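> Residue 52 is where the sequence shown starts when you use our numbering, and the numbers rise one by one after that.
Simulated from the structure, these hints should not be mistaken for lab results.
Wrong hints could be hidden among the right ones.
Said to hold, decoys possible - No farther apart than 20 angstroms at their CA atoms in a straight line, the calculated lysine to aspartate or glutamate pairs in the DMTMM-like style are these:
(1) Lys172 with Glu300
(2) Lys307 with Glu292
(3) Lys263 with Glu316
(4) Lys215 with Asp304
(5) Lys130 with Glu88
(6) Lys230 with Asp216
(7) Lys75 with Glu96
(8) Lys263 with Asp319
(9) Lys230 with Asp241
(10) Lys145 with Glu93
(11) Lys197 with Asp275
(12) Lys79 with Glu93
Owing to the predicted nature of the structure, the values given are computational and were not obtained by experimental measurement.
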Amino acid sequence: MRTDVIVGVDIGGTSIGAGCIVNKEIVKTHSLPTGAERTAEEILETLYEVIEKVMLPETKAIGVGVPGLINAGKGEIVKISNIPAWNGLGLVEKLSSRFNIPVYIENDANCFALGEKHFGKGQKFDNMVAVALGTGVGGGIIVNNKLHSGLFGGAGEVGHMPYKDSIFEAYCGSGFFNKINNITGKELFDKAMEGDENALALFNEFGHHIGKLVTTIMYILAPDAIIFGGSISKSFPLFKEGIQEEVAEFPFDVMKDIITIEQSELDDIAILGAAGLYYNA
């Protein structure tokens with residue numbers, strides 16, 4: 052039986068986490084604070100330590116998800132706002148030299164899509180889009196079973212498309228709750244779960260905004276599935292109907308009757324998604 056042992060790494064401005072995945076199951080995890088104000092080398096030492104804590108001798112590759120623009124061909128981080136010392140860093144070369152195994156890096160939203168494709172609900176779809184709903188709204192695109200990352204890993208940034216008086220992110224992320232409606236998503240969720248009609252109506256309105264995003268994606272990519280992740284996706288049952296009402300207005304019946312729209316059920320999606328880079332290579 053083939054044994055795949057992959058290390059997936061999730062780099063964030065607050066913490067660096069890693070997990071060892073054996074035959075698509077996480078068997079060990081570890082994380083440390085990033086200390087993003089430190090020098091590039093100091094942060095690298097933390098990264099090395101996190102990886103070493105989870106790595107097994109038979110590890111085949113390391114995949115790294117980065118919250119920024121990357122040049123996957125050169126293995127470089129082009130722009131990472133949360134860790135400015137790493138702008139322009141040749142991360143693949145650093146890790147390859149240290150661990151002497153193949154290393155892959157990609158934008159973290161693209162890693163989310165790969166996580167769904169190789170470990171989650173996206174496994175049965177050739178063409179899919181994964182959308183992360185949180186403070187920001189990012190996404191990743193799978194075309195013919197492969198990641199389409201585009202220039203500098205920037206494909207799938209659907210939240211930045213123009214919408215109403217702003218961009219989709221303003222209405223499909225946490226800003227819809229705390230900026231437009233002056234309430235946190237958690238507070239609104241709690242009220243909705245108690246049956247508060249105003250809260251339920253707001254979630255339905257939110258679903259309509261998400262639905263507009265869904266139909267826009269359908270026009271451009273016509274995917275088999277759109278899968279939502281991120282912190283807000285945990286409220287999916289509360290805004291699912293609003294999405295469905297928008298999709299019902301989509302003009303191509305054969306597409307809207309077939310497309311699958313679901314929420315992710317994966318834990319540790321960032322680590323799994325980074326490991327998915329190995330299967331995408």
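> So if I understand the rule, the pair passes when the alpha-carbon distance is 20 angstroms or less; does Lys79 with Glu93 pass?
Given that 20 angstroms is the threshold and the Cα spacing comes to 24 angstroms, the pair is violated.
> For the pair supplied as a hint, Lys130 and Glu88, confirm whether the alpha-carbon distance does not exceed 20 angstroms.
With a Cα-Cα distance of about 16 angstroms, the restraint between Lys130 and Glu88 holds, given a limit of 20 angstroms.
> Is the Cα-Cα distance between Lys75 and Glu96 20 angstroms or less?
violated, 27 angstroms
> Does the alpha-carbon distance linking Lys230 and Asp241 stay inside the 20 angstroms limit?
holds, 18 angstroms
> For the pair we were handed, Lys307 and Glu292, check the Cα-Cα distance against 20 angstroms.
Given that 20 angstroms is the threshold and the Cα spacing comes to 14 angstroms, the pair holds.
> For the pair we were handed, Lys263 and Asp319, check the Cα-Cα distance against 20 angstroms.
violated, 28 angstroms
> Straight-line Cα separation of Lys145 and Glu93 no greater than 20 angstroms?
holds, 13 angstroms
> If you draw a straight line from the CA of Lys197 to the CA of Asp275, is it 20 angstroms or shorter?
holds, 14 angstroms
> Decide if the proposed pair is consistent with the structure: Lys230 and Asp216, CA atoms, cutoff 20 angstroms inclusive.
holds, 14 angstroms
> Take the C-alpha atoms of Lys172 and Glu300, compute the straight-line distance between them, and say whether it is at most 20 angstroms.
Violated. Lys172 to Glu300 sits at ~25 angstroms, over the 20 angstroms cutoff.
> Given the hinted pair Lys215 and Asp304, is their Cα-Cα distance within 20 angstroms?
Outside the cut-off at roughly 26 angstroms; violated.
> Regarding the pair Lys263 and Glu316, is the alpha-carbon distance no greater than 20 angstroms?
violated, 23 angstroms
Consistency note: the structure conflicts with the earlier hints numbered 1, 3, 4, 7, 8, 12.
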